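Trainee: One-letter residues, chain by chain:
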Amino acid sequence: MNRILAIIRKEFIHIARDRRVLALVILVPLIQLFLFAYAVSFDVKHVPTAVFDQDHSVASRAYLTTLERSGYFTMAQYVDTYAQADKALTSNEVRVVVVVARGFGDSLAARRAGRVQVLVDGSEPNSAQVAQNFATVLSRMHGRTIAIEQAEQRGVDPAAMGGLSVVTRTWYNPEGRSANYFIPGLMVILLTTVTIQQTANTLVKEKEQGTYEQLLVSPLSRIELMVGKITPWAIIGALEVILVSAAGMVAFAIPFRGSVVVFAVASALYVLCTLGLGLFISALAPSVDVANLLSMLIAILPGFILSGFVFPLDSIPWVLQVVSRIFPAQYFMTITRTCFLKGGDFAILAPQFIALAIFAVVIVSASALVYRERA
Amino acid sequence: MTTGHDIEPALDIRDLHKEFASAVAVDGVTMTIPRGEVFGLVGPDGAGKSTLIRLLTTVMVPTSGDALVFGNSVRTQSDAIKPRIGYMSQAFSLYGDLTVRENLNFFAELRGVSRADAAKRATKLLEFSTLTEFAGRQAQFLSGGMKQKLALAVTLISEPDLLFLDEPTTGVDPVSRREFWRIISDLNRQGITVFVATPYMDEAERCTEIAFMNHGRIILRDTPEGVKSRVRGDVLEIGVADYRAAMLVLRALPFVRSVDAAGEILRVLVDATDRKSEFEDRIRAALTDAGFPVTMMRDGVADLEMAFATLIPTGESAGSSAEELAAVTG
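Line order of the protein sequences matches chains A and B. With numbering that gives the first Met the number 0, letter number 109 in the first sequence gets 108, and the count goes up by one each step, no holes. With numbering that gives the first Met the number 0, letter number 312 in the second sequence gets 311, and the count goes up by one each step, no holes.
To be clear, the hints were calculated from the coordinates, so they are not data collected in a lab. Each statement offered as a hint is correct.
Some chain B residues close to chain A (C-beta under 8 Å, calculated; not the full set):
#1 Thr56
#2 Lys81
#3 Ala90
#4 Phe105
All values reported here derive from a predicted model rather than from experimental measurement. From the three backbone atoms N, C-alpha and C, an ideal C-beta is built for every residue, glycine too.
Please put together the full structure from these sequences, using the hints given.
Mentor: As structure tokens, this is what we get:
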């Protein structure tokens with residue numbers, strides 16, 4: 000126990016005396032949080048839009064007003080030809096062109112469908128996708144409004160008209176604010192990067208400066224060394240979780256609807272996974288550079304891309320889905336988003352907790368084994 | 000010294016081997032080293048000295064064979080060995096960002112020294128190694144000699160019975176080296192057994208016994224006096240203007256067995272015969288012919304440098320003289 004404490008105390012001295020590590024652990028996460036949350040917003044609002052109104056009728060203007068009032072589209076230009084529309088898109092002045100076909104008003108008056116074309120700049124896939132969806136939904140809503148008006152004009156109770164109407168509601172994040180799912184996700188990524196990289200470094204560094212041999216000739220056991228090395232970063236990982244959560248909740252008003260206990264247990268379990276991974280790398284890597292590279296690779300690949308942070312895991316190829324299931328990031332991602340946005344308890348999150356626990360046991364025993372082999 | 004346990008020698012090495020993928024570093028070493036010695040391990044770079052020390056300190060596991068440290072096997076009883084040994088590796092192996100005192104405290108805690116004992120010993124060791132006034136300085140800002148003394152102090156904090164030193168004074172100035180060896184001698188007087196690898200013959204001279212290691216094997220073991228007495232031949236000390244060029248001339252002579260320089264004086268070993276005066280004349284003639292007249296010539300005694308140059312099997316000593324001469328003149 001005293002030996003473990005000696006290691007822990009020593010590690011904290013290293014951390015406190017190395018400004019780069021301090022910056023990496025405290026400053027970088029905060030900068031990333033603000034950068035991501037502000038600049039890399041997935042919210043689609045005020046999309047610059049060009050209007051090509053071929054109809055110039057009361058009905059077409061009413062339709063365009065509906066689009067603009069939604070707040071998702073800003074009418075930046077009015078064009079008169081397809082050539083102008085094309086130019087507006089290629090010059091990046093607008094992302095969307097709404098074309099109202101000639102005869103739009105007449106068609107509506109004749110109770111036929113009015114024809115509208117929406118041209119979307121596909122070079123920015125995310126906003127393109129969202130803008131397209133909004134345009135479709137808004138057009139349908141506008142169509143319903145017209146239908147109701149027409150029914151009332153004819154003295155028919157619109158409620159008695161029958162037919163089906165689909166109503167979509169987004170739960171947990173009704174406004175689709177990207178900060179709400181982005182910040183909890185970002186926290187997972189930051190925690191992954193820092194803990195893997197720092198632990199991956201810690202032992203290789205001892206090997207490079209020759210102090211590892213001194214540890215080997217001391218009565219310190221491998222387990223004591225591992226625990227001593229892991230503990231400071233577990234504590235720092237916990238502080239990091241609190242720091243980013245607090246910043247997210249205060250600065251971006253993201254909710255926390257779940258149980259703090261569930262979240263704390265999940266975080267502890269996940270940090271155990273990433274620290275185990277870091278130690279594993281540390282035991283295998285021949286130099287600090289290799290350790291850094293490996294940990295960045297692992298943190299970025301399964302951590303960033305295959306955790307469901309950016310790309311929905313249902314839409315990636317099955318091979319990558321298998322890989323993502325092996326790596327613990329996606330389970331913790333699910334737990335984190337659930338805790339922040341939905342609520343949830345141990346029973347609901349049991350599959351994720353079990354997956355994390357299995358990974359933790361496997362990776363920690365694996366690195367303990369590798370240690371024995373490599374010593 | 001009354002219990003059976005204490006009768007064990009410090010080291011009992013039995014046919015120890017260590018093979019790496021690319022080379023055999025330790026190739027069957029067998030020797031017993033009693034307690035109380037300052038045992039010197041000498042040999043060229045790559046001879047396997049560091050690997051042998053790593054095996055004996057349980058940092059590495061042998062490929063085959065075994066070694067008993069105070070009767071405990073390095074293979075199976077490393078837990079019993081570690082508390083009794085101190086190991087100072089070749090490179091500076093302390094934490095540069097920790098202060099002198101923090102380094103001492105850390106290794107004291109690691110080795111289970113009680114806080115009170117650690118404080119007492121740290122004070123004594125700092126004084127002993129004249130580091131007291133630098134106790135609060137980060138180790139990375141110490142001079143080379145101070146770093147080595149700190150490394151020694153750290154290995155002594157647990158009061159080991161056997162001290163392994165791997166080239167402890169490499170890169171250290173002569174004054175610090177002398178001071179370092181004064182400390183080693185003091186420790187040895189207190190009963191600590193010392194096992195030291197060194198490339199310096201003047202350091203080997205201070206050992207109670209020395210072993211010469213080459214290509215993973217111990218090829219010679221004796222006291223320094225014993226090693227020197229094995230040298231066959233007569234030693235001449237020669238003063239000459241350009242001693243470097245003169246060395247090459249002398250090495251080309253068939254009866255000259257080794258030449259080395261002590262300062263600007265050449266120390267020449269010639270074949271042991273009754274023709275010593277004839278050899279002297281031929282050396283004078285050869286040097287005069289080459290344009291380096293002899294200014295002084297006197298009898299000398301063999302030293303370790305000379306002993307190792309002549310005692311190791313031919314083909315393994317440094318460079319054949321004919322080749323060297325050809326390379327320079329041709």
